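K.L.:
Each chain, written out:
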Amino acid sequence: MNNAVKRKLIQIAAFGFTNSHIGNFAGGKLYTGKWKQFCNPGLNCYSCPAATLACPIGAMQAVAGSMQYNFSFYVVGFLLAVGVLLGRFVCGWLCPFGLVQELLYKIPSRKYRLRKLFTYMKYGILVVFVFVLPIAATNYMGMGKPAFCQYICPSGTLFGGIPMTAAHPELRTATGFLFGLKISILILTILACVFIFRFFCKTLCPLGAIYGLLNKISIYHLEVDRQSCIKCGQCAHTCKMDVDPTTAPNSAECIRCGACAASCPKQAIRLGFTSLGPVQK
Amino acid sequence: MTTMQPLKYKKRTLLQCTVLLISALMIAHGVSRGELETVWNKAVNICLECIGLG
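Sequence lines, in order, name chains A and B.
Residue numbering for the first sequence follows numbering that gives the first Met the number 0, beginning at 0 and increasing consecutively.
Residue numbering for the second sequence follows numbering that gives the first Met the number 0, beginning at 0 and increasing consecutively.
Looking at chain B on its own, in the form it has when it is part of the complex:
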């Protein structure tokens, strides 16, 4: 049964792990340099562009 060749299956798993690792590092870097605060500041004030006035 099945759908994936062994090499493709291994490559896919490796790619998934690599992207997850990169994304974790990116989130950690973004949080450490204060991006959360920038997002929060934008999100708690009325975004005039978002509502079509900006």
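Just chain A, with the same shape it has in the complex:
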């Protein structure tokens, strides 16, 4: 089985596990079992009727915006642990919304590359919408709102907002400007994902920003054997995340999909938990 097929199967399995309560769509109910206290490594709205686990970005904002706490040690610790173990492997292999974006990119159309400048947007969104606003913009009771979920998250609109408003007439009556804004962001994201590979991951995802920073030190990593590499540029040409593995093997943009390793004519690129080791003199 080649790497691309293996990855797609694992993505589908991860999507299925994290959204296993399909029956809840009919009544617009949520799964309320104990699994919901644990975070999903990938972005998956916990207001999706099928969701098994909690969204880590939503959970982080929920704890930080609650009356009791200003910071979530549990969620940040979880993300640090997952990030240092796997880095953006989570994005490439386990994230449900990542799979959705890749399927959208399969729609035949002209494809474009994104300017690197836009990839820095996600760090601003992480700081402002995930860390600052839920803590700083509080009501008289000291409770903040999950600003990223409220104003941006297209995954929440797709998997939570649309199914819930479809199933509950009383929720439909409450829709207004905010819902319109989120639907607009969702439509723009969907359109952008058709033309640009993983547009949301590259520009908007705060979870991708966290894992991207941890990609630099993650145990699961990418290495290039400099002696075997013939600098043909095939790996950089293949990479849909616009990374050149030979110059930036641990780039914050690399989602560890393995397409570069599969394309290398000299098998000079490898991904794994163990290292090739330090330089032999």
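For the record, the hints were derived by calculation from the structure and aren't laboratory data.
Please read all numbers here as calculations on a predicted model, not as lab measurements.
Where a beta carbon is used, it is the ideal one built from N, C-alpha and C, also for glycine.
There may be inaccurate statements among the hints.
Derived contacts from chain A toward chain B, CB cut-off under 8 Å, selection only [stated by the list, open to error]:
{"hint": "1", "residue": "Lys35"}
{"hint": "2", "residue": "Cys152"}
{"hint": "3", "residue": "Thr164"}
{"hint": "4", "residue": "Phe272"}
For this one, chain A is given, so just place chain B on it according to the hints.
P.N.:
Relative to the frame of chain A, chain B by itself:
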């Protein structure tokens, strides 16, 4: 063969172990002060903000 200088390799391993230890302590502290319940309470109720109504 290879890609990493010995010092960089050792520093990287040390950094990985340190971050893992810190993350384990953070998770333990968060769980001990009841954050799991806060997450569960948020996740089992319809989050109006998440679906664009809040």
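K.L.:
Does Cys152(A) pass the interface hint, meaning its C-beta sits closer than 8 Å to a C-beta of chain B?
P.N.:
holds, 7 Å
K.L.:
Would the hint on Thr164(A) be counted as holding, given a Cβ-Cβ threshold of 8 Å to chain B?
P.N.:
holds, 7 Å
K.L.:
Holds or violated: is there a CB of chain B closer than 8 Å to the CB of Lys35(A)?
P.N.:
holds, 4 Å
K.L.:
How about Phe272(A): closest beta carbon in chain B under 8 Å, or not?
P.N.:
violated, 11 Å
Violated hints amount to a single one, hint 4; each of the other numbered hints is respected by the structure.
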